[in-house]
Structure formats: C-alpha cells, structure tokens
Amino acid sequence: MQLRDIAKVVKGSTYGRMTFVIRNIQPPDDAGIKDLTFLFNAHQTTKAGAVIAAFKVKGKNGIIVKDAKRSLYSLLQHLDKQRSRWGISPKAEIASDVRCPRRCRIDPFVVIEQGTGIGQGTVISAQSYVGEGVVIGRNVMIHPHVIIFPGTMIRDHVTIHSNTVIGKPGFGYIKGKRFRRIPHIGGVIINAFVEIGGNVAIDRATIGSTIIGEGTKIDNLVHIGHNVKIGKNCIIMGQVGIAGSARIGDRVTLCGQVGVSDHVRIGNNAVVYAKSAVFKSIPARRVYSGIPAREHRAVLRALGRLYREP
Amino acid sequence: MQLRDIAKVVKGSTYGRMTFVIRNIQPPDDAGIKDLTFLFNAHQTTKAGAVIAAFKVKGKNGIIVKDAKRSLYSLLQHLDKQRSRWGISPKAEIASDVRCPRRCRIDPFVVIEQGTGIGQGTVISAQSYVGEGVVIGRNVMIHPHVIIFPGTMIRDHVTIHSNTVIGKPGFGYIKGKRFRRIPHIGGVIINAFVEIGGNVAIDRATIGSTIIGEGTKIDNLVHIGHNVKIGKNCIIMGQVGIAGSARIGDRVTLCGQVGVSDHVRIGNNAVVYAKSAVFKSIPARRVYSGIPAREHRAVLRALGRLYREP
Amino acid sequence: MQLRDIAKVVKGSTYGRMTFVIRNIQPPDDAGIKDLTFLFNAHQTTKAGAVIAAFKVKGKNGIIVKDAKRSLYSLLQHLDKQRSRWGISPKAEIASDVRCPRRCRIDPFVVIEQGTGIGQGTVISAQSYVGEGVVIGRNVMIHPHVIIFPGTMIRDHVTIHSNTVIGKPGFGYIKGKRFRRIPHIGGVIINAFVEIGGNVAIDRATIGSTIIGEGTKIDNLVHIGHNVKIGKNCIIMGQVGIAGSARIGDRVTLCGQVGVSDHVRIGNNAVVYAKSAVFKSIPARRVYSGIPAREHRAVLRALGRLYREP
Chain A
0 MQLRDIAKVV
10 KGSTYGRMTF
20 VIRNIQPPDD
30 AGIKDLTFLF
40 NAHQTTKAGA
50 VIAAFKVKGK
60 NGIIVKDAKR
70 SLYSLLQHLD
80 KQRSRWGISP
90 KAEIASDVRC
100 PRRCRIDPFV
110 VIEQGTGIGQ
120 GTVISAQSYV
130 GEGVVIGRNV
140 MIHPHVIIFP
150 GTMIRDHVTI
160 HSNTVIGKPG
170 FGYIKGKRFR
180 RIPHIGGVII
190 NAFVEIGGNV
200 AIDRATIGST
210 IIGEGTKIDN
220 LVHIGHNVKI
230 GKNCIIMGQV
240 GIAGSARIGD
250 RVTLCGQVGV
260 SDHVRIGNNA
270 VVYAKSAVFK
280 SIPARRVYSG
290 IPAREHRAVL
300 RALGRLYREP
Chain B
0 MQLRDIAKVV
10 KGSTYGRMTF
20 VIRNIQPPDD
30 AGIKDLTFLF
40 NAHQTTKAGA
50 VIAAFKVKGK
60 NGIIVKDAKR
70 SLYSLLQHLD
80 KQRSRWGISP
90 KAEIASDVRC
100 PRRCRIDPFV
110 VIEQGTGIGQ
120 GTVISAQSYV
130 GEGVVIGRNV
140 MIHPHVIIFP
150 GTMIRDHVTI
160 HSNTVIGKPG
170 FGYIKGKRFR
180 RIPHIGGVII
190 NAFVEIGGNV
200 AIDRATIGST
210 IIGEGTKIDN
220 LVHIGHNVKI
230 GKNCIIMGQV
240 GIAGSARIGD
250 RVTLCGQVGV
260 SDHVRIGNNA
270 VVYAKSAVFK
280 SIPARRVYSG
290 IPAREHRAVL
300 RALGRLYREP
Chain C
0 MQLRDIAKVV
10 KGSTYGRMTF
20 VIRNIQPPDD
30 AGIKDLTFLF
40 NAHQTTKAGA
50 VIAAFKVKGK
60 NGIIVKDAKR
70 SLYSLLQHLD
80 KQRSRWGISP
90 KAEIASDVRC
100 PRRCRIDPFV
110 VIEQGTGIGQ
120 GTVISAQSYV
130 GEGVVIGRNV
140 MIHPHVIIFP
150 GTMIRDHVTI
160 HSNTVIGKPG
170 FGYIKGKRFR
180 RIPHIGGVII
190 NAFVEIGGNV
200 AIDRATIGST
210 IIGEGTKIDN
220 LVHIGHNVKI
230 GKNCIIMGQV
240 GIAGSARIGD
250 RVTLCGQVGV
260 SDHVRIGNNA
270 VVYAKSAVFK
280 SIPARRVYSG
290 IPAREHRAVL
300 RALGRLYREP
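Protein chains in written order, with numbering that gives the first Met the number 0: chain A, 0 to 309; chain B, 0 to 309; chain C, 0 to 309.
Just so you know, the hints here were simulated from the structure itself, not pulled from any lab data. Take the hints with a grain of salt, since some may be wrong.
Where chains are identical, the list cannot tell them apart; a pair therefore holds if satisfied intra-copy or between any two copies.
[Claimed, not checked] Keeping only pairs whose Cα atoms sit at most 20 Å apart, straight-line, the calculated EDC-like set for lysine to aspartate or glutamate is: (1) Lys176 to Asp4; (2) Lys90 to Glu213; (3) Lys68 to Asp79; (4) Lys279 to Asp28; (5) Lys68 to Asp261; (6) Lys55 to Asp4; (7) Lys90 to Glu131; (8) Lys176 to Asp155; (9) Lys59 to Glu308; (10) Lys59 to Glu213; (11) Lys46 to Asp261; (12) Lys279 to Asp79; (13) Lys176 to Glu213; (14) Lys68 to Glu131; (15) Lys279 to Asp66; (16) Lys33 to Asp261.
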C-alpha cells in the first residue's frame, strides 16, 4: 500500500513522497524506515519513514489529519474486515429443542443445553458451553471457551471473550457448624453493547439479577459478585473485583486491580484509581484513590506529609 | 405461589392478605408491588407487596419468622430442586480402564485419562479434563471446563466451578544462566465439602501435597501456590493469592484480594481484611489489615494520624 | 528405593544405614520416620528417617551433598520421566490445510483453524483452540484448554498452562457517545523457553506486537495488556497485572499482585515487591515497593515514621 492510498482512508493531505510504499504499521518506538506510524503529540520521536499526525514532521513522508487517534481508528477499521462465515458444526452438541436461526455460527465441540434461544447473526465459538434456558440476543459474539450458566440473558451486540464464566452461583454460605451453600435462583443480565474480557467471572444473583448496563466494557480477570449492578458505559479495567450487591452508577471508571466491598455504592461518573480499595460509598463525579479509598486530593496530601523526610 | 404456601415452607405466621400471589422473589431494592422480599433489619425499605422479616411491616402482607436469613435459605433450598440426571455421553473420551459407577454423569467432550477413579453420584460436566490417575470421590460436582491434573485426589461432596485448574506444576525454577523448571512430583488433596469457585488455580506440590482442608470455601480467581496448606472451614474470598508453602489454619477468613507470602503461617480463626498483604506470620484469632499487614487497630490508629490535616 | 540408590542420583556420600528404604519424599514438616527429606539449613528440624543436606544430621540416615537445592532438582528430574506419546486424535478438528509433523501430539476435542503451522515435538493437549494462521514452534507444550488467537507466534520450547488466553484483542476503545472498540490487527510473540501459567491473559497489540522475551516465566492469573513488551528471563509472579504498552526490561522481578500502569518503563534487573503499584517508570537495578511504588528504603522509612506511636 502506498501513502496516498492510506491518505484516502484517513481523509488527510500528504506531504513528502506520496508514492512511499508502506511495509507495516507500527507503534512509534517499533517502526523502522519502511514503516508507517502515528504520532499523537509533537514530542514523540520515531524512525518511521512515514507518519500520520495533526502536524507536519520534518524529513518524513506524511499525512496531516485533524485527529490522529481517530485516523488510527478509521484505518484499523478499514483493515480489519470481519469474515462472516455462517453455519452449524455437526460436531456441536445441541439439544433437540434449540432452534438456531439461519444466519448464525456454532463451532465444533460447543454444548448447548435445552430451552436455549439464539438470535440472528450470533456466533458461538468452539468449545463454549451454553446452559439450559439461556437467552442470547442478535449479533452476539461468544469467543471460544466461554461458559454461560442457566438464568443468564445476553442482549444484542454483546461480545464475550474466552474463558469467561457467566452465571455460576455466587459466594454465599450460611454459617453453622459448617458452611452450607445458599442456593442461587437469580440470574445475570448482560445488556446490549457490553464487552467482557477473558477469564472473567460474573456470578448469578441469589434472588433477582446481577446486571451489567448497556455499553459497559470489562477487561480481563475481573470478578463480579452476585447481585452486583453496574450502570451504563462504565470502564472496568483488568483484575478489578466487585463484591456482592455493590452498585456502580453510569459512566464510572474503575482502574486496574481496584476492589469494591459488598453493598457499597459508587455514583455516576466517579473515577477510582488503580489498586484502590473501596470500603465505603462514593458520591457521583468524585475521584478516589488509596486503601481505604478517599478523595484523591486528600490522599495526595497525606502521601506528601508521609514522604517528607524530617 | 401464594403467601400462605411460602409461610408453610419458612414456618412463619402470616399477617395481611395470606392469599397474596407472589410474582417473583426479589431483593428489597428491586422488588415491586407484586413481589416478595426479605428484610433483615427494620431500617430497610422496599416497594415489595409482601415481606418476610423478624418483625411486622406496616401496610404490607407479610410473614413473621424468627430469623429472616435462615428463612431465605430454607425457601431457596425448597425452590432449587437439583435434577438428578445420570448417564455417560457417548461423546466423552474415556480411557478404556476407567470404571464409571452406575450412578454418575459424564457429559459430552469430557476427556478422562487412564487410571482415574470416579465415585458414585459424581458429575463431570461438559468439556472438563481429568488427568491420569486422578481420584475423585462420591457426590462430587465438577462443573463445565474444569481441568484436573495427575496427582490430584478429590474427596466426597466437593464442588468445583468452571475454568478452574487443579494440579498444574507450581511456579518453581532453579536459577542459573537461565531459569530451569523444577519438576513437581507432589499432588493436591481437596478434602470433603470443599467448594472452589471459577477461574481458580491450585498448583500441585513439588514434593508432598498442596492441601485444602475439609469444608473450606474458595471464591473466584484465587491463586494457591504449590505446597500451600489450608485448614478446615476457611473462607477465601475473590482474587486472593497465596504463595508457595504458606500454611493457613482452621476457620481463617481471607477477604478479597488479600496476598499471602510464601512460607508464612496464619493461625486458627484469624481474619485478614480485604486488599492486605501478609508478609509475616499471623497468630491465631488476630484481625489484621494493611500493606504490610499489621493488627487492624494499629493500622486504624496510623491511618488516623496520617489523615489528620495539620 | 534405598538410600544408596538415591545417593547415586544426587552424587552424594551416605552415612547411617545406606540400605534404608524410602517410602516417600516429603517436605521437612510433613515427612515421617519412613520418608526422605531435604534440609536447606541447619536450623530446620524434621521427623524424616532420612535426610539430604550439605551437613550431617545427628541420629538420621543421610546423604551429604554440596548443594541440597540442586540435589533436590536432580532427583526430581530423575523421577519425573516425561512420557513421549505421539499421535493425532481422530476426535480433534483440524483444518484440512494444516500439516502436522510426524512427531507431535494433538489430543481429542482440539480445534486447529486453517493456515496454522506446528513444529516437531509439539503437544497440543485436549480441548485447546488454535486460531487461524497461528505459528507454533518445536517442542512446545500446550496444556489442556489453552486458547491461542490469530496473530500469535510461539517459538520453540515454550510451555503454556491450562485456561490461558493468548492474543485476544486488548482493552482499547474510542470514546464518543458510547465506547467503540478499536480493532486490533497486531499480534503476540512468545519467545523461546517462556513458560506461562494457568488462567493468564495476554492481549494482542493494536498495531505491532505484544512481546514476551526469551526465558521469561509467568505465574497464574496474570494479565498482560496490548503492546506490552517484557524482556528476557523475567519472573512475573501470580496475579500481576501489566497495562497496555508498558515496557519491562530483562531479568526484572515483579512479585505477586503487582500492578504496572500503561506506558510505564521498568529497567533491567529491577525488583518490585508484592502488591505494589508502579505508576511511574523505574530505573534499572532498583528495588521498589508500595502504592504508589517508590524506592523500597524510602517506603520502609516512611512506614517506620507512620507506625511510631506518639
């Protein structure tokens, strides 16, 4: 591909040699003389022969665009053409009463138990397991090795990555001479446009439902306890743990390895920085950090005092 | 179901309309006018049309019970009737020398290697893997996608949830110019009535055994290193990590995301609060928190001093 | 086995009864009168009837060796004879264009998509998934239930444990009214002699590659974001999380539950103690700890001041 071909995709104007042939697209630090890269600010340096940025870079061939991040996004979208292969593998084990729509894909060694509903355009990839009575909407992407238990409802346009377990009973026991399991008869609702990473566990509710709100994105190795409710368009980063019955508002950001105690509430648009432990509720729009989590400014002041050597 | 039917199950006395028809059982916050809920204290409010509590709620239909938590437990037990379907799928791959008892269930795409023993009443769910010579007791519930390696013994009434790996070799290397793996010839013993969550990893011992004590309950995404010994009736919450050769006593509680260093000992009945890092041994019955973990009272005092603005 | 047989294996000299029959090899604390154990220092006690150590233990049968740790390693290597069973299960689902070498093993219910390359001596264990165009080198050990996505290259002598997901797209979205996924067209390179634990997630790069350096060892439940680069011979312990585009040097040690922020750099030979959060770059050879991570000595001094009761 030549620089001018890419300029058309990202709708930018070229300078330098517009017939420059791109070997590969690489991050600034990894790019070589034959590669194309993206620069997001003028302080970045690169060995790339060609650059896309909101500014001109001296001595390079380049494309000037309004917003380099959006241009990268457009280009990746252009290059990432999803194949749409449909069909049901004869090596899947599908209960006799399950009706698969004409446009869907079910891969080898998948198990689908009875009473399950599957929408148009949905893919259930290799070796996944779908329990009795699960409802899966349209255009859902279930990657290989996903496990979905009874009581789960997955709405349209959801993506679930490998090794994720949805709907196992939560960690609830009644104390006596020995702990006895509390049966969980509730469910899990994954709303539209949610994406869930790999090796995630989302437990079903004791009664009622564990709910993930529309458009929320969850990273890898996250633990979500029974009866948790997460609002819309939240960002839940890697290895976050949310204990039972916690309630997270809309547009909340929980950074990596954050822990949230049971029954705690976090208000809309709140941000909790990485590695914090939320033991008490957080009002809307606040920025918290630390263990236990407090307003981030108060934490910074306390750390300042602590590290001021006498 | 009517309120009076439920009153019989939970052995309580009704007030209000005993023919009230229950649409659903919901947590107090989610319940609507046609639902039944449980209240554990008099400060809780709900829109539920019917309530179960240890006290009377004005304007509702209700059931008075001695202990609402135990009543919830009884009702859930009553509603959660386990199906007991037995049989061996022709699509499981079972080594020729494995003798399956008459009353057991083995699902499609399970792999069971040679020399394995399986007890009466045990279920091995879809797509699970049982390695050579593994011994599994009676009434064990192995959920879909569980992996059990050679050297593992699982006693009666154990439950293991999806995506859990038991008995892989531990993280042990010998240092030289490059790290060389230390072979692990030890095993794992999971004692009776243990329940293990989803996406858990429990490593086999170098020599000897990694042991989980009777009745201990382990939540999701927990990491248990080689040669760890955990006592009886412990509670190990989500995302806890326990490094090699640590010894945990009986009835210990490790809250969410706690880390325990290798070779550390934690005494009986000790409690470690969420997000703490246990670098040194903890005596019996103590309550610890913090990084590094100390007596919780000392931590509270230190935090008090730290956050007192001058 | 008798003590004298073991003395030959570990190349040591016996004392006491050299015909002592070993029942089992056990750690010092677990060993009984009929067992053999290893002692690494003279303060350790044991009930073992036979001991291997760099010194003589009074009243025991024993073997004196130069370095007891290396002797344990030799003995375990001697006892852990890997079976080399080759062959391709007829119950694996392998795309028609995949050429399997003569000496390799592919187990039941494995799925291998088209365009994949597999080297001599490689094992792909039960129920694993290998995506389109993945390249796997020689003598690679893929344990059961491993998922490898397109864009991944795995070099020789790599071991990957169960439930690990390599090459899913990273946690990258573009913000608008709702989050839209950034397509990931980059890959993952796992270099030679790397070992990856169970339930690990390593994401593919947006563009370029996520890279794990030669000889690096990764423990269970680790999260490695997109475009991360890890150097050679690093030790990444259990439950560590490394956010996108972070760069880790050679011979770095990240202890359990450490978190590393995106784009941070950690220099060669640096050590980060357990449970720390690395928000800023760390120079080579430094020892860091704490949240946020600082030089360990400074953290110790601050903790000293904090816990000095007034």
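So, going through the hints one by one against the coordinates:
{"no.": "1", "hint": "Lys176 to Asp4", "verdict": "neither (72 Å within a copy, 29 Å between copies)"}
{"no.": "2", "hint": "Lys90 to Glu213", "verdict": "neither (33 Å within a copy, 38 Å between copies)"}
{"no.": "3", "hint": "Lys68 to Asp79", "verdict": "within (16 Å within a copy, 51 Å between copies)"}
{"no.": "4", "hint": "Lys279 to Asp28", "verdict": "between (42 Å within a copy, 19 Å between copies)"}
{"no.": "5", "hint": "Lys68 to Asp261", "verdict": "between (38 Å within a copy, 17 Å between copies)"}
{"no.": "6", "hint": "Lys55 to Asp4", "verdict": "within (18 Å within a copy, 75 Å between copies)"}
{"no.": "7", "hint": "Lys90 to Glu131", "verdict": "both (19 Å within a copy, 19 Å between copies)"}
{"no.": "8", "hint": "Lys176 to Asp155", "verdict": "between (45 Å within a copy, 18 Å between copies)"}
{"no.": "9", "hint": "Lys59 to Glu308", "verdict": "neither (49 Å within a copy, 54 Å between copies)"}
{"no.": "10", "hint": "Lys59 to Glu213", "verdict": "neither (43 Å within a copy, 34 Å between copies)"}
{"no.": "11", "hint": "Lys46 to Asp261", "verdict": "neither (50 Å within a copy, 22 Å between copies)"}
{"no.": "12", "hint": "Lys279 to Asp79", "verdict": "neither (43 Å within a copy, 33 Å between copies)"}
{"no.": "13", "hint": "Lys176 to Glu213", "verdict": "between (42 Å within a copy, 12 Å between copies)"}
{"no.": "14", "hint": "Lys68 to Glu131", "verdict": "neither (43 Å within a copy, 28 Å between copies)"}
{"no.": "15", "hint": "Lys279 to Asp66", "verdict": "neither (40 Å within a copy, 27 Å between copies)"}
{"no.": "16", "hint": "Lys33 to Asp261", "verdict": "neither (53 Å within a copy, 27 Å between copies)"}
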